[in-house]
Amino acid sequence: MELLLASAVGILTASGIYLILRQRSFPVIIGLSLLSYAVNLFLFATGRLALNQPPILNKYAEAAYTDPLPQALVLTAIVISFGMTAVVVMIALSAYLSARNDRIDMTDETGEDA
Amino acid sequence: MSLFLIAALPFLGAVFPALLIRAGRNAAAASTGSVTLLALIGLLLNAPAVLRGETVSARLDWLPDLGLNANFQLDGLGLLFAGLILGIGLLIIIYARFYLSREDPMGQFYSFLLLFQGAMVGIVLSDNILLLLVFWELTSLSSFLLIGYWKHLPEGRQGARMALAVTASGGLAMIGGMLILGHVAGSYDISVILQHKELIQASPLYAPALILILIGAFTKSAQFPFHFWLPHAMAAPTPVSAYLHSATMVKAGLFLMARMWPVLSGTELWFYLVATTGLVTMVLGAVIALFKDDLKALLAFSTVSHLGLITMLLGLGTKAAAVAAVFHIINHATFKAALFMSAGIVDHAAHTRSIRQLGGLRHLMPVTFTLAGIAALSMAGIPPFNGFLSKEMMLEEAAHAVWAGSAYLLPAVAVFGALFSVAYSLRYIAHVFLGPKRHDYPTLPHDPAPGMWLPPAVLVALVVLIGLFPEAIAAPIVVSAADAVTGDHHSYFHPKLWHGLTPALYMSVVAVAGGALLLMLHRPAEGLWNALPRPEAKVIYDAIVGAATRASRSFTETLHDGALSRYSAIFLLFTLAIAYYAYASGDIGASTRAMQPITAMTVVGWVCLVGSALCVVAFHRNRLLALVLIGVAGLMVSLSFNYLSAPDLALTQISVEVVSIILLLLALNFMPQETPRESSAGRKLRDAVLSIGAGLGAGGLIYALMTRDFALPSISEYHLANSYKGGGGTNVVNVILVDFRGFDTFGEIIVLGIAAIIIFAITESVLGSRVRARLLNRKPWYPLAGDAHPLMMVVATRVMMPIALMVAAYIFFRGHNMPGGGFIAGLIAAIAVVMQYMASGFSWATERQGLPYHGIIGTGVLVAAATGMGAWFNGLPFLTSAFGYVDPPYLDEFELATAALFDLGVFLAVLGAVLLALQSLARFAWQPGIASEHPMDINPERDEATKTIEGH
Numbered sequence: 001m002e003l004l005l006a007s008a009v010g011i012l013t014a015s016g017i018y019l020i021l022r023q024r025s026f027p028v029i030i031g032l033s034l035l036s037y038a039v040n041l042f043l044f045a046t047g048r049l050a051l052n053q054p055p056i057l058n059k060y061a062e063a064a065y066t067d068p069l070p071q072a073l074v075l076t077a078i079v080i081s082f083g084m085t086a087v088v089v090m091i092a093l094s095a096y097l098s099a100r101n102d103r104i105d106m107t108d109e110t111g112e113d114a
Numbered sequence: 001m002s003l004f005l006i007a008a009l010p011f012l013g014a015v016f017p018a019l020l021i022r023a024g025r026n027a028a029a030a031s032t033g034s035v036t037l038l039a040l041i042g043l044l045l046n047a048p049a050v051l052r053g054e055t056v057s058a059r060l061d062w063l064p065d066l067g068l069n070a071n072f073q074l075d076g077l078g079l080l081f082a083g084l085i086l087g088i089g090l091l092i093i094i095y096a097r098f099y100l101s102r103e104d105p106m107g108q109f110y111s112f113l114l115l116f117q118g119a120m121v122g123i124v125l126s127d128n129i130l131l132l133l134v135f136w137e138l139t140s141l142s143s144f145l146l147i148g149y150w151k152h153l154p155e156g157r158q159g160a161r162m163a164l165a166v167t168a169s170g171g172l173a174m175i176g177g178m179l180i181l182g183h184v185a186g187s188y189d190i191s192v193i194l195q196h197k198e199l200i201q202a203s204p205l206y207a208p209a210l211i212l213i214l215i216g217a218f219t220k221s222a223q224f225p226f227h228f229w230l231p232h233a234m235a236a237p238t239p240v241s242a243y244l245h246s247a248t249m250v251k252a253g254l255f256l257m258a259r260m261w262p263v264l265s266g267t268e269l270w271f272y273l274v275a276t277t278g279l280v281t282m283v284l285g286a287v288i289a290l291f292k293d294d295l296k297a298l299l300a301f302s303t304v305s306h307l308g309l310i311t312m313l314l315g316l317g318t319k320a321a322a323v324a325a326v327f328h329i330i331n332h333a334t335f336k337a338a339l340f341m342s343a344g345i346v347d348h349a350a351h352t353r354s355i356r357q358l359g360g361l362r363h364l365m366p367v368t369f370t371l372a373g374i375a376a377l378s379m380a381g382i383p384p385f386n387g388f389l390s391k392e393m394m395l396e397e398a399a400h401a402v403w404a405g406s407a408y409l410l411p412a413v414a415v416f417g418a419l420f421s422v423a424y425s426l427r428y429i430a431h432v433f434l435g436p437k438r439h440d441y442p443t444l445p446h447d448p449a450p451g452m453w454l455p456p457a458v459l460v461a462l463v464v465l466i467g468l469f470p471e472a473i474a475a476p477i478v479v480s481a482a483d484a485v486t487g488d489h490h491s492y493f494h495p496k497l498w499h500g501l502t503p504a505l506y507m508s509v510v511a512v513a514g515g516a517l518l519l520m521l522h523r524p525a526e527g528l529w530n531a532l533p534r535p536e537a538k539v540i541y542d543a544i545v546g547a548a549t550r551a552s553r554s555f556t557e558t559l560h561d562g563a564l565s566r567y568s569a570i571f572l573l574f575t576l577a578i579a580y581y582a583y584a585s586g587d588i589g590a591s592t593r594a595m596q597p598i599t600a601m602t603v604v605g606w607v608c609l610v611g612s613a614l615c616v617v618a619f620h621r622n623r624l625l626a627l628v629l630i631g632v633a634g635l636m637v638s639l640s641f642n643y644l645s646a647p648d649l650a651l652t653q654i655s656v657e658v659v660s661i662i663l664l665l666l667a668l669n670f671m672p673q674e675t676p677r678e679s680s681a682g683r684k685l686r687d688a689v690l691s692i693g694a695g696l697g698a699g700g701l702i703y704a705l706m707t708r709d710f711a712l713p714s715i716s717e718y719h720l721a722n723s724y725k726g727g728g729g730t731n732v733v734n735v736i737l738v739d740f741r742g743f744d745t746f747g748e749i750i751v752l753g754i755a756a757i758i759i760f761a762i763t764e765s766v767l768g769s770r771v772r773a774r775l776l777n778r779k780p781w782y783p784l785a786g787d788a789h790p791l792m793m794v795v796a797t798r799v800m801m802p803i804a805l806m807v808a809a810y811i812f813f814r815g816h817n818m819p820g821g822g823f824i825a826g827l828i829a830a831i832a833v834v835m836q837y838m839a840s841g842f843s844w845a846t847e848r849q850g851l852p853y854h855g856i857i858g859t860g861v862l863v864a865a866a867t868g869m870g871a872w873f874n875g876l877p878f879l880t881s882a883f884g885y886v887d888p889p890y891l892d893e894f895e896l897a898t899a900a901l902f903d904l905g906v907f908l909a910v911l912g913a914v915l916l917a918l919q920s921l922a923r924f925a926w927q928p929g930i931a932s933e934h935p936m937d938i939n940p941e942r943d944e945a946t947k948t949i950e951g952h
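Chains as they are written, first to last, in our numbering: chain A, 1 to 114; chain V, 1 to 952.
Hints are not guaranteed to be accurate.
Stated by the list, open to error - With a straight-line Cα cutoff of 20 Å, these simulated EDC-like cross-link-like pairs (lysine to aspartate or glutamate) come out:
hint: 1; chain 1: V; residue 1: Lys437; chain 2: V; residue 2: Glu536
hint: 2; chain 1: V; residue 1: Lys319; chain 2: V; residue 2: Glu198
hint: 3; chain 1: V; residue 1: Lys437; chain 2: V; residue 2: Asp447
hint: 4; chain 1: V; residue 1: Lys684; chain 2: V; residue 2: Glu674
hint: 5; chain 1: V; residue 1: Lys779; chain 2: V; residue 2: Asp709
hint: 6; chain 1: V; residue 1: Lys197; chain 2: V; residue 2: Glu471
hint: 7; chain 1: V; residue 1: Lys292; chain 2: V; residue 2: Glu536
hint: 8; chain 1: V; residue 1: Lys292; chain 2: V; residue 2: Asp447
hint: 9; chain 1: V; residue 1: Lys319; chain 2: V; residue 2: Glu471
hint: 10; chain 1: A; residue 1: Lys59; chain 2: V; residue 2: Glu895
hint: 11; chain 1: V; residue 1: Lys725; chain 2: A; residue 2: Glu62
By construction, these hints were calculated from the structure, which means they are not laboratory data.
Bound-form chain V, shown alone (with noise of 0.2 Å):
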């Protein structure tokens, strides 16, 4: 099966799940488990070629220029951590569906484990780092959801918060040092880094990547000082426990070591930085563990434990050590998932984890009984048992390590965490299951359905079958993994229960002996330890935490503290601050060009513009006075545009003038017509003085831009070059908008609609909440003429309503060769039609007005759309204009352009985009009765018909 399908079946399986959950807990489960065993099965299929020393590859190429490419490769390392998460993610999903009570949403509880798990493979099947870092990031977030699966429960959460939090920002670091790793390669793919071990090694940034990777895979593996997380991670389902913290989430940072091992390793720092690690982490795991009375903190130190103790192995740095990683990785994956789903089992028997309140159910769960003590002391490492061999290989190789130059501290250190994992993994079989029957369990335990403990029953068979025959079971195997860790092809692994009398033995006798031993100490001890003062790991991160959510929290409130004036004060004194500094640090250079001439006209013209804009700032209390005054300013805008050779702009901008005094003026008649007097004397200065600021700095930038030339030559010597040539137009600026730079065009006539549809929205919802009994019941501000509807005005504005129309038509039929087009033709329209709304009324306009205007903008939109895509009949890409001339006769030669029909969409769009703006504003003004029953509130008409009546 290929690599891709293997490594996306748990993704698209997740789906399942989820859907068939609707069918029934056991249908949810069946599929989940299909899915996971057909990836397995996919996975075993590969297995022979990888085994004989292939290693299978499929490649994609995702995005190139980045280096990131959807790589997956498959050697012996891969293929262990692959079967360990498919092969036990099988025996969790068949716990799992006995475990969870029927109030649990088991579709969803199957549809996270499949993210995680597909997370999971994908990590240990990418041949690229990039690809591997999504996945990683994937199993932060997935295991985040698994964690705090019982919502419900705060130690759920805070413990799946937690855990993001660590191994997410773990991720980060991990992010960082990678790309450093690649840059120094010069690939991201692992393959090729693999490679170049000297390179990466002489390089100066070897130390930075290596220890932001190592923060990654420390993280990730829960080493000391990050450690904290698991044991709180223990909230979960305990299927979740014996999946993530046996065989998947937290073998993910060994995974990464042992895959970076052959780039990273062998050097002092490598070594200290790992070896030392692991050393600590072993010890200290062990030592709490051994103090945790609740049967899952137990086996969460314990985990802590054995992950210093690979990592250890790891950071020793040679072979043999690396084979010692990989068989214990195994070993430990087999008996602690048992043990994990044996605590369940009793957790689920006797409702009770805490060791306190258990003891004696050996005569009451036998079956269970014996599952956990068979994979508690090949914990322990006794014989015959797997835990025991792999035990003996991590002795042997602690028993040559030299620390700092001392022979002996490693070894000393390495049996004192051994003695206390003895000492813990024996309480958990004697304090639990032996002593004598007790009469106070919260409920009276039993052994569970075959369900629930026949999936331990398999690990357990095979921590006894690995422990007895190594090799022939887990020999090729182990080999073909360790191979792909150290890069080797003959790694040595003859592991034997009986070596003769060598010094691991002895430092293992010495272990058990004094583990049991201290167990027996065990109340003496837990007085002790209990006795002495140490640091909590979980106050120390609440409060760094707490002091970065107060840090942040604090710096936010003082930038935004919700007032608007504010924000825009201190982002304007900001831009002003960089922008001072550019001038200060920059060089303008001499003016270059001559200055176009003053008239008398210009200065009036400035006179008039400059003069509105103040008075709009003097008089803005009066709003309407304020309404009508930047009127002026608009008017002025669009006669420079004019002036300055731009009559395309001046045209839009008279145009758009009009809309929008008229939309502000169906504002303003809702809003209050004052602005109180209400900032202080220094804020106005204040604001004065940014204003001036801003003022400065904007007339300055551009006055230093106008009277010096070009920088580098303008691309719009192509656009004067080609309108016509390529574009069949004359009017260069329409020919830019929609040829040359039409998909720009396009886009915005989108923006317009969708700007419109949001008017139309909030409108819906305004007047659909309580805010329309308020205006039914409003009170004008001043009173109502007598005669909304004059005569003069409706038999006018309806007479110049085809004049109007035929105006935009012109301008839109020119607008490719002279000044106009549809932008100004649409806005042209818009006004003829506003012109009806304004003079005849709302409701007599609206019954007359067939089509929806959000249909117009639509089919303005389709239009646009249809005429770019026609281009891709003819093989060219979207919105490539064509255009010919025609020559009717005894008419004037005519141009065809499809670009005129790009135009009608651009036309139609800003209509209908202007038209709803306006019209749904003046909804907020209907009051029942206010249509008129004729076309004019006086109807002349009907005094002729009572004259009539009264002659007669």
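Chain A extracted, bound-state conformation (with noise of 0.2 Å):
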């Protein structure tokens, strides 16, 4: 199990970073959020894994369980993921739309107000 996380991580960092040096925005976008499911789930995996032992307490029994730490903070980072995500999404398009060109790079052909 641990080997798929940790390939899965793997393969959506590689590919989260080769769209991320694409140079549309867009794909700079969708490469974006792949990274960030590689983040979070690497993140998340910091609290090592375990199966059936979520951490909800048992009142009534003794039971094992997962580490919660990273579980608060992979949740945060999710949604804060959603807030960034969609500003950067609003930049991209707001250039698009005031440029005509979705363009990451300013080359010299482009100026710097192209």
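Make the complex out of the two chains shown on their own, each in a separate frame, by following the hints.
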């Protein structure tokens, strides 16, 4: 299981970063989304993996629980990454609409204000 | 008056001129003058105690852990300098009122002047070197504003920049030196440091500390080779020059050397560094001054020369020399300020400062001539003025100094410098005021209004009085200040105009006679001077600055050439290199944890997740397809969370996934549907290598982590143990969010709210620009569906709305004990509303949605804040939660927790933020006539109505 998760994190990271290195804004945003999946899984996995041990306390019997702290942190991270994606999408869209061009690189041909 | 108030008054007062300038220039000047006068009176009230030998102090712990305390103290040295700063400041304020023209923004001038004055007073009153450094940098900044006051003059701007660059970089060196000094002495309080002379001088860090501190002092006091900024700072208005270069700015370096004299002086290193620098500066400044035709440039180099003289005296390291240095500080301040002001008067009256265009002014400006003449004679060291007394003392000390084994070198060079000093002082009189009246002045000069000549007159009166009665007037303050410098209690100070036939007198006679002779030979000497090749400091400075600018620019532009993908690649490469270094040099040890089993289901999930990610990369050019594919990936991530004992995360991920995809779909509606092929094969290869490297790193790292136990005990045990007992909830993740780490969550919802408001603001600005017209005339990418709001969907979403809201409520209330909570409930409620937007249209939904989303975000944050503050009323810290249980009849036991109120705040903030973001984006699609008259595009009732009509 660990191997599957680690390889998934690796492949998500690689796919995300490859897309982030593209030159148009939309693939970059998609890449960021993939990278946030990878990062969230990564952070979550720092609490180590456990099956059927949700951190919901059982008042009536002794039970084992997985680490709740990374979960709490990742929960807010998921919501914040939505906020970030939304802002980036907005900037990309406004830039495209204003410049009629969705390139992210400012090269000499396009100029600074293009 | 408390020292705090004296130091704070100029800063507080800086507001007045800026405001009162609206009431006229007199009001601004009067308010500035009153502030300075008040501070001066406060200072003088403390003077009797200081002159009795006491030290007045005021202490306040500011950042005691860093050793930075707002400690002020006033001893003789501080009193002398603060008196000069405030006293001459007052005269300058009066003078400037009449000097500045109507076009100059006078309120600004006085505000800058007071800021500068406050910084200077702060330096001389500080009893903490860190505090002193703060004021030190403030003088650099405020003097930049003053020197560059005439913003329209390029020389003014360049001079200000140069002064700032030189003095502030010296200040940086001094910070290093001071920190070393404080480290060695074990305290940053000056009064403590001064008691550790042996400790400091024995330390191996003494030399670096001394050199760094001296760089700071030398740059500030314009010592060779940093002297060049001072003449360029003459582009400032004359009152600024008179203030900065007689009594304040440049004296700060001298003050520092005097202040640190007890601990730093007395060593070989000190003697050779300080005395030599002072001597070189003195001679160099004097020689250059003689050949300057601009009055202010002459005075500027003479200032450099006199600063060198005082530095040399401090460098000699004897107590008598220190007394002479203190005395000359006073004398130089008086005659130099008077001379600068007289130069300003000449400039004002004749509209030129060039000595070549002047001469014979004594007939036209008798008052100015008298004042400038006396001050210049004092500068030359002619009896019976005060400059003579301190110059005699200097020559006396120089006569006894042995430099590198030679008893003659230092006195000879000092006499040589004094000779030039006499020559340029006399030139100031002879070539400007004496000689025949000319007929080609740019304008006919005349004596100015009393407001302009009275301030220098006060100083000239001091020049004469100190010269005639030094013991009566200057002795108390000089002795007190010298005591503070030397740490002695009986400084010897008995200056006389006639000492008898001493070596100093012979040296003085040689200097005066030689100076007068040199002036007569000025014309041939000037020819010789101009023929000599000599380095121009400004050219060298410009070359250095230019080279530094070019180097940093080319470095920056290589890394950041405007191509975002390039920055990312460079950043990635760098991170990979560091990570590889960490991996290669570290030791990960053997794995210690048993792995979880791989089941068929998990393999299927893995294939879906990895497959969708790879497909996104393969098909990313088709943007809609890519969107669908990352939806699959998100769903699989959510299922993974669920499988791996994280139900809260699964719920959050899946609801965020929905809103993210809607958001991206909305955006994609306006963007190109395809990504063109434009990367070269080489570039693709580079990106592939980098991203595979990053993927291997991330995957390998997390694999290594997961197969090993925690290196340190985790704090999660605490959370698990206290979640129910302390937080009253069994869902530990939720209790962490709303209770243990509630402050984090509070920050998060604020960030989310800000993100939503940014989106709103961007929308507003974009829709307010030309883009709006373009959007209105937009041709859709695909033909629009005939029925934008299909009946089935409209009905289904409306039926689902209450159900979805109830689910949200359920998720919210059970959140404390079971998976759920404010974040997830907020997202679900947002989806319920978004469904209406999608099915029934933007206008229809907006009409029925009465509450502004900004308000919902704000309410959420306020509710969370109010809940947190509620704890204060019970004397508990912010966000301490309380809970209890009620057991109403016929119902289950029910928990009431303040954490639920906090969670309500989270719920509202998330709801508002998500909806504001989506609604803003949806506004891009608005077009006239898009709103349908009826709830649905095809109104079933309408057909019924037509049928009825037809039936009739």
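Going through the hints against the structure:
1. Taking the CA atoms of Lys437 (chain V) and Glu536 (chain V), the gap is near 35 Å; set against the 20 Å cutoff, the hint is violated.
2. Annotation: proposed proximity of Lys319 (chain V) to Glu198 (chain V) holds, straight-line Cα distance about 18 Å (limit 20 Å).
3. Distance hint between Lys437 (chain V) and Asp447 (chain V) is fulfilled; the C-alpha atoms sit about 15 Å from each other, no more than 20 Å.
4. Distance hint between Lys684 (chain V) and Glu674 (chain V) is fulfilled; the C-alpha atoms sit about 18 Å from each other, no more than 20 Å.
5. A threshold of 20 Å between alpha carbons decides the hint, and for Lys779 (chain V) with Asp709 (chain V) the separation of about 59 Å lies outside it, so the pair is violated.
6. Between Lys197 (chain V) and Glu471 (chain V) the CA atoms are separated by roughly 32 Å; this puts the pair beyond 20 Å, and the hint is violated.
7. Taking the CA atoms of Lys292 (chain V) and Glu536 (chain V), the gap is about 14 Å. The hint holds against a cut of 20 Å.
8. Straight-line distance between C-alpha atoms of Lys292 (chain V) and Asp447 (chain V) comes to about 24 Å, which puts the hinted pair past the 20 Å bound.
9. With a C-alpha separation of about 18 Å, the suggested pair Lys319 (chain V) and Glu471 (chain V) falls inside the 20 Å cut-off, and the hint holds.
10. At roughly 15 Å between alpha-carbon atoms, Lys59 (chain A) and Glu895 (chain V) fall within 20 Å of each other, so this suggested pair holds.
11. Only pairs whose Cα atoms come within 20 Å are accepted, and Lys725 (chain V) paired with Glu62 (chain A) is accepted, the gap being roughly 15 Å.
Hint check: violations occur at hints 1, 5, 6 and 8; the rest are consistent with the structure.
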